[in-house]
Every structure is written in structure tokens, then in C-alpha cells.
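Q: In case you want the letters, here they are:
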Amino acid sequence: MSKLVGSIKEAIRLAGLRDGMTVSFHHHLRNGDYVLNAVMEQIASLGIKDLTVNASSLFDTHMPLIGHIKNGVVTKLLTNYVSAGIGRAISEGVMEKPVSFRTHGRRPADIALGNTPIDVAFIAAPTADKEGNCTGKEGRSACGSLGYAYADAEYAEKVVVITDNLADTPPASPSIEGKHVDYVVAVDAIGDPRGIVSGTTRITRDPVGLVMAASAAKVIKASGLLKDGFAFQTGAGGASLAAAKFLKEIMLKEGIRGSFGLGGITSYMVEMLRAGCFEELLDVQCFDLDAVASIKEDPRHKEISATRYASPLAKDAAVGGLDVVILGATEIDTSFNVNVHTDSNGYIMGGSGGHSDTANGAKLSMIIAPTFRARLPIVTDRVTCISTPGRDIDVLVTQSGIAVNPMRSELRERLVDAGLPVMDIEELKARTERITGVPKKIRRGERVVAEVIGRDGELLDVIYNVPER
Amino acid sequence: MKILKNAAAGTVESSDAYVTVEPLGEEISVEVESVVIEQFGEDIERCAREVLAELGVEGARLVINDRGALECVIRARVETAVRRAGGDLS
Amino acid sequence: MIRSLLFFPGNNPNMLINASALLSDALIFDLEDAVSPAEKDAARILVRNTLRYMDHGSAETVVRINSVDTAYWRSDVQAIIPERPSMLLLPKVGSASDVRELECEMARVEAECGMEVGSVGIIALIETALGVENAFQIATSSPRVRALFLGAEDLTADLRCKRTKEGREIEYSRQRLVVAARAAGIDVYDTPFTDVNDDEGIIKDAMLARALGFSGKAAISPRHVGAINDAFSPDEAEIEYAFEVIEAIERAKAEGKGAIALRGKMIDAPIVARAERTIEMARALGLGRRKA
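Protein chains in written order, with the working numbering: chain A, 1 to 469; chain B, 1001 to 1090; chain C, 2001 to 2292.
Misleading hints may appear alongside valid ones.
Unchecked claim - Some chain B residues flagged as far from chain A (calculated, every beta-carbon gap over 12 Å):
(1) Lys1005
(2) Asn1006
(3) Glu1026
(4) Val1035
(5) Gly1041
(6) Ile1044
(7) Arg1061
(8) Val1063
Said to hold, decoys possible - Pairwise CB distance ranges, derived in the manner of DEER restraints:
(9) C:Ala2237 / A:Ala275: 24 to 30 Å
(10) A:Ala112 / C:Ala2237: 56 to 62 Å
(11) C:Ala2237 / A:Gly255: 17 to 23 Å
(12) C:Met2115 / B:Ala1053: 24 to 30 Å
(13) C:Cys2113 / A:Gly255: 54 to 60 Å
(14) B:Lys1005 / A:Arg444: 43 to 49 Å
(15) A:Glu413 / C:Leu2212: 39 to 45 Å
To be verified - When the alpha-carbon atoms are kept at most 27 Å apart in a straight line, the in silico DSSO-like pairs for lysine-lysine are as follows:
(16) A:Lys248 / C:Lys2204
(17) C:Lys2204 / A:Lys253
(18) A:Lys302 / A:Lys248
(19) A:Lys227 / A:Lys245
Note that these hints are calculated values from the structure, not bench results.
Every residue gets a Cβ at the ideal spot worked out from N, C-alpha and C, and that includes glycine.
Whenever a hint applies, use it, and build me the whole structure from the sequences.
A: Laid out in C-alpha cells, this is it:
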């Protein structure tokens, strides 16, 4: 019997979707994704209500989802990251049930354990054959890795593949295998290539960002971890990428050959691979065109699942082998807890993604952030939301000084010996407040709009609504 | 210093403030719009009033559009706007 | 010790508030070319407040005021001197009399606000043909003059030649300024390198400036500060050699010898003086000797 069905609506009907069930989506098409909106529109037109949406991440292109929440089609959200538009609606209290935020590693673990069962998974595939063998490496909507969709395909009751490039023959090495797939739908377009990957990711030109990046590279060098076999991940923020560039220069100068680069992969990590800084790249998601081209052509650039990336259940989780990860923060407190979920006014505008997974796994997890943004100090007494617990954060690098977690006294000594400007985090906070003034605490609402679940499944924190001002 | 005419100073770039001032009888009114209004709104108004007092301004309507400026920047923009409104261009 | 001097547009708060984080030895707050005539008042007040309220750590603070042929410079001096910057940078200095005119005004304001007269220094920006020819007189025009500073953009316009990256057209002016400043016993700073995207070019240009005898070099981009600091800092080999020179001298003294050789070369007084300067500089920069 053919898996090919004529429309998304038909596939939803055949999959038996009913009120109260759970549907899932992955986010490799990022802000260019058409699939989530197209599927939700058909679900709504079928009159199905009270659904749980489990989406690995949500972007502002998914704003129509807020409409489906308001009219009762969707009543619960599970996700790892939301961008600012969706986040604002959640913070303003659009949903009755709190949103469950997980990490990129916790999501596949909870799917596998049956804690968050999926009834119907929708997989956006840049290329698929009629059996549903998928790859992200080919097609007009190519996005490279499909790493976050593996658990959905493996564990969902029904799996619907949606593609805009139906191939006659199976892809050479499919990411998602047809054995998991129930239905295949061909559509005109699964996404807008301009929103899927950016042309090139650029390092920052901001002078403060460059100072922090240079300092970050010095910290890595002084940590003693930078030697043959070095494993590294960095975020896609401008200063983090600049740090990777400085690190590359050090590695090439000193002839250090690392083992692997991990994560969402950018052109900078690809350059490091090509320059011989790493033996391989392990890629759960591509951020730019160079990364997509590289994963297609270079056998050393490998696609991995979210489970292999970061699941606490995986005995080979790549994050556990990391030496260094460079991460961002909107706030960090004097206990080194980091907030990447909300902005300083309490509005949700992010999420853990792989933040807490990598911080938990890496030997050295570094936060890189300016001491203040728009007059708001980065270091606070208590973060608005604990996204990553302070026990997993080793060092904060700013343009004005470096603070080491007091639990890492050996690291502190190494940095002091290297002549780096190390100071207590309280001192850094006090110095910053002398420049900015002490901000008044923001008012928060009474209602919990989101819960933050850590890598090990523990409730790390809750996020309250933002009251009208 | 007497406010003789409408004047403005600063920009709406980040970390700056755009300040306008106009004559207003004998009273002083300060309006603040800010990206950090919750955290620093009161501080901004206080420091603006301090600058007006230092310059001996008696009647003025001051409007501050703050883009996350530090206090020393807000003080500079308020002083510049007031001096311009008072005909002091030195 | 000033190796690098970084320019900041005087009316741009976003740049000014992060000035001290950019690792430049001296910060130049610019009231002249970077500020349009309509914003001279705003920049002057903003820079004054920056000096008054911000902590610039160990960086030297320099304010480039407007030249003495403008309507702005007296107001600049009046507003800035009470905030005790390290130095004023006076542009378009053509002769000693320009410096003396500024010096008079500075002394008046210093006295007026109860400061020690002479406490704020002057850097003379030489950017005209006349200034180059008068360099020694300018350098010795006042005890306040701490350094000469070559401004090649305006200078090449005055010389009616093209400004090039290689800088053949300013070779004479560079050397003339170095000689004049050293003869007067003051520092001398090289013109900024203006291509912010040429990472190799800035390194070459800064190395050249050091080789010519400059004390440091200005920058218009924060990205150039690192290359300038590196070029004007003693490297490991230089520090090592300096320590060896001093040790050899001390050994010779202990053994009662007069002349001694190191690495096959006689050590004379200039070599010892240079070694002492290198060690002093290394200590000031927190640079150690590789082997203890």
C-alpha cells in the first residue's frame, strides 16, 4: 500500500488525530518553516481541539500558532526554545496551562521514556522518497542535519513526512528511515530558503564583543584543556564566533589538533574543520549555507541525532566529551545561575536549547557577555529564571573582567597565573553597578506561564506572567 | 536659566537619550519614556530634575526618550537641551 | 606608558561608555573632526561628563579640542580642564605660538578652579607642512608639551600628495618628528592606520613606526589596538636579552672587570640604557621573563 497521500489534511485524517492528542514538529527550517503553520491550519479546519504541540523550537514565523491557542485548538506547548514574538504572547498569559521548556537533550529522553508521548509527528523533509526515507542535505529547502527529528520519527505512533522534493529513489544515506514513516505528502514548498539558513554567519564587529572574544580565547588557552584531542562547541552569537576565530588562530599557531566540534554548526566551525583544528564535526543542526554544503560534501562532517548530541539517557552523548563550550546569557547571578529564557523585563525570548546540556557535559563551560546591555547589568543577585544551574557554569568572561565559579579554584589559579583579570563575581557586579546604577526589581505576575525542566528531568524554575504596565 | 524657546539634544541611538525642552510658565514637568522604565524610570527623572536645579531652570517642560543611556549621558543631554533653549550655545 | 591612543567620537555615547574596556593605553575623546559644528556644544558637555563620572582605570585620558583658529577652542578648554584629563591634544599646530596661546588659556582655567598650574599636559598634533618644519620649536615651546603626534591625512593634503598605505610620502615627516621629539626629550606618536579591514597592514605599519623610533601609535579603530600594543611592547627575546645584559654588567662589576662582551658583542652604555628601558617597560606591562 502506498504511503503517498494527496494532502496534509488527508494525512492528518488517516493518522487518526483526535481531540486531546499530541503532535510534534522539529525546527531545522527555523524561521523559514512553512510546515508547522500548514499542518496546524488543516488541524484547525478539521475542528480538532485541545492538542498538545511538542515542537523542538518555535520561531516568530509560527505566530499563527498563537491564534490556534486562543481558539482552543492548542492548549499545551512543549518546546526547547521560542523566539521573542511567541515568547511575549506566552508571557502575557495567552495559555492557561504552563509551557514546558526542556533542553535539546531532555526532549528526546522524555519522548523515549514515554513521559511525553507523541501521537502524530510531522517531519519537514527537504528530500524524501515515497517510503519516507528523508534527508536534509538535498533539495531546494536543504537544511543539512535533521538531528532533532529522529526521536519523533522513532517513537511517535504515526509519522507523516512532508516534502517539497519527492525523489524517485531513496537518498544514499537517509537521516530518517522509511521504516518509521506512515504517510508521505508532497507539497509545493516546505519553507522559505532565506529563512532556513542565513547566507553567512558573521563574527561581531562590535569592539566590546571582540575584546570579550579575545579574552575568552585566552581563558581557554590558560585552562590547560587546549591540547590534542580538544573538543569544542560554541554558540552562533557574534562574540562566541569571534572567540572561535581567535581560538582557531591559537590552535593553528601551536599545531593543536582537536577531536571534534559539536553543535549547531556555522561556517566558522566548518573553517576550523578544513584548517585541521578538528577531525570531525558532529552536527545536530546547520546554521548557514556553508554548513549545509559541508555536511553534504565532507564525510568528516557528520549528522547526529539530538539523542546522540545530548540525551541524558545516551551512553555516548557527545556533550559529555566536550572540553569547552562557549555560551551566552541574558543574566547571570552571583551563584552563576544563568538565564537564557527571559529578557530583563521578564518576557520570554529564548530557551535552553542545548545551553544546559552542554554546560552540564563540558569540562569548561564559559559564559561570554558584556557587563551591561542598555544600562542593565548582566550580573544580578538572582536571575529572573534559572535556565542553567550555577553548578554547571565555570567562568564568566566580560569586557571588564573574568569571574570564576568559586567551586573551580584550580581554574581560578590557572587564570590568575596567566595574568588574566580575574575578580569575584560580586566585585564585577559592584563595579558594573557603579557605572549603571542599581536597577529596581521588576514586578512579576502571580501566574506561572512556563516551567523549566533541566537535563535530568528536574524542575529548575518557573516563569511568571508579565503584568500589564 | 530661563527657557526662551523649544530645543532638543541627543539621539535615539542605543545608549543615548533624545531630550526636548520647551518653555512652561513657572513649573517644571519631566516626562520619561525609556526602554528601562521599570528599572530606572525614577532615577532618570530624579537626575533630570537635579540638572534643571543646578542650571537654575524655573519653568520648563522636559521630555526624555531614553534608549538605555547611562546617567552621565542623560545629564549631558538635558544640560545641552536646556542651554540651547536658553540661548547659550557656548 | 602610552603605546596606543584610541580615538572616540565625542558625541557618541555608545562608544564613550565602553572606552576603558578597549585596552588602549590612552583614550582620545574627540571634539574636533568627529563632531559636526551643530553638535560641538553637545559633544563638549558629553565628554566633560564622561571624564567626570566614568572610571577610566589606568588609561590616560586625552581630549582633542578644536584648533586655536576656531570659535570653539576656548569653550573646550573652559569645560574640559576642570575635569583633569591627562592631556589636551591640540590639532593643526603650525608653530610654537599656537601652543603658547593654548598654554595661557589652560593656565587661566587651572588657576580659576584651584588646580596646580601646569598639571594638564599638551600633545601637539602636527599635520601641516609648517608644523613639520617647526617641529623642534613646537616640542620645546612649553614644559606642558609631552609629545608630538603626526597627523598624516591632513598633512598629505597640505603637501599636495596622495596618502598611500606604504607611506613613502610621509617618510621625511615621520623621521623629522621623531628626531625633533627625541631632541626635546619627549614622546612621539605615529599617525593612525586608516584601513580597518587590513589586519596584516596594521601590524606592518605599527612595526614600521616602532622601528623608526616612535613611542606609540594612534588608532581610529579599536581593532587596531591589539596590534599596536604588541608592536610597541618588548617581545620575549628582547626581555631575555635585556636581563642577560644587566646580569653580565653586574657580574663584571663584581669581578672588577671593565669592558665585557655578551653573545660576542661588547656591551657599552647605550646597550645598558636600552636594556634598562626594556626591563622597566616589561615590568610596567606585567611581562615576565620566560625562564626564571
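Q: Taking the closest pair, is the beta carbon of Glu1026 of chain B still more than 12 Å from chain A?
A: holds (31 Å)
Q: Just checking, Val1063 of chain B versus chain A, shortest CB gap more than 12 Å?
A: holds (19 Å)
Q: Range first: 39 to 45 Å. Now tell me if the beta carbons of Glu413 of chain A and Leu2212 of chain C are that far apart.
A: For Leu2212 of chain C against Glu413 of chain A, whose Cβ atoms are near 42 Å apart, the range 39 to 45 Å holds.
Q: Quick one: are Ala112 of chain A and Ala2237 of chain C within 56 to 62 Å, going by C-beta?
A: Holds - the Cβ-Cβ distance for Ala112 of chain A and Ala2237 of chain C, about 59 Å, lies within 56 to 62 Å.
Q: Beyond 12 Å on every Cβ pair: is that true for Asn1006 of chain B relative to chain A?
A: It holds; Asn1006 of chain B is separated from chain A by about 27 Å at its closest Cβ, greater than 12 Å.
Q: Report holds if the minimum CB distance from Gly1041 of chain B to chain A is greater than 12 Å, and violated otherwise.
A: violated (8 Å)
Q: Keeping to a limit of 27 Å between CA atoms, is the pair of Lys302 of chain A and Lys248 of chain A held or broken?
A: Distance ~20 Å between Lys302 of chain A and Lys248 of chain A Cα, so the pair holds.
Q: Please work out if Lys227 of chain A and Lys245 of chain A have their alpha carbons no farther apart than 27 Å.
A: Holds: Lys227 of chain A and Lys245 of chain A sit about 17 Å apart, inside 27 Å.
Q: Per the hint of 24 to 30 Å, is the separation of the Cβ atoms of Met2115 of chain C and Ala1053 of chain B within bounds?
A: holds (26 Å)
Q: Can the suggested window of 43 to 49 Å be confirmed for the beta-carbon pair Lys1005 of chain B and Arg444 of chain A?
A: Given a distance of about 44 Å, which is inside 43 to 49 Å, the answer is holds.
Q: Taking only the CA atoms, is the gap from Lys248 of chain A to Lys2204 of chain C under or equal to 27 Å?
A: This hinted pair holds, its Cα atoms lying about 22 Å apart.
Q: Run the C-beta distances from Ile1044 of chain B to all of chain A and say if the shortest one exceeds 12 Å.
A: violated (10 Å)
Violated hints for the displayed structure, listed by number in ascending order: 4, 5, 6.
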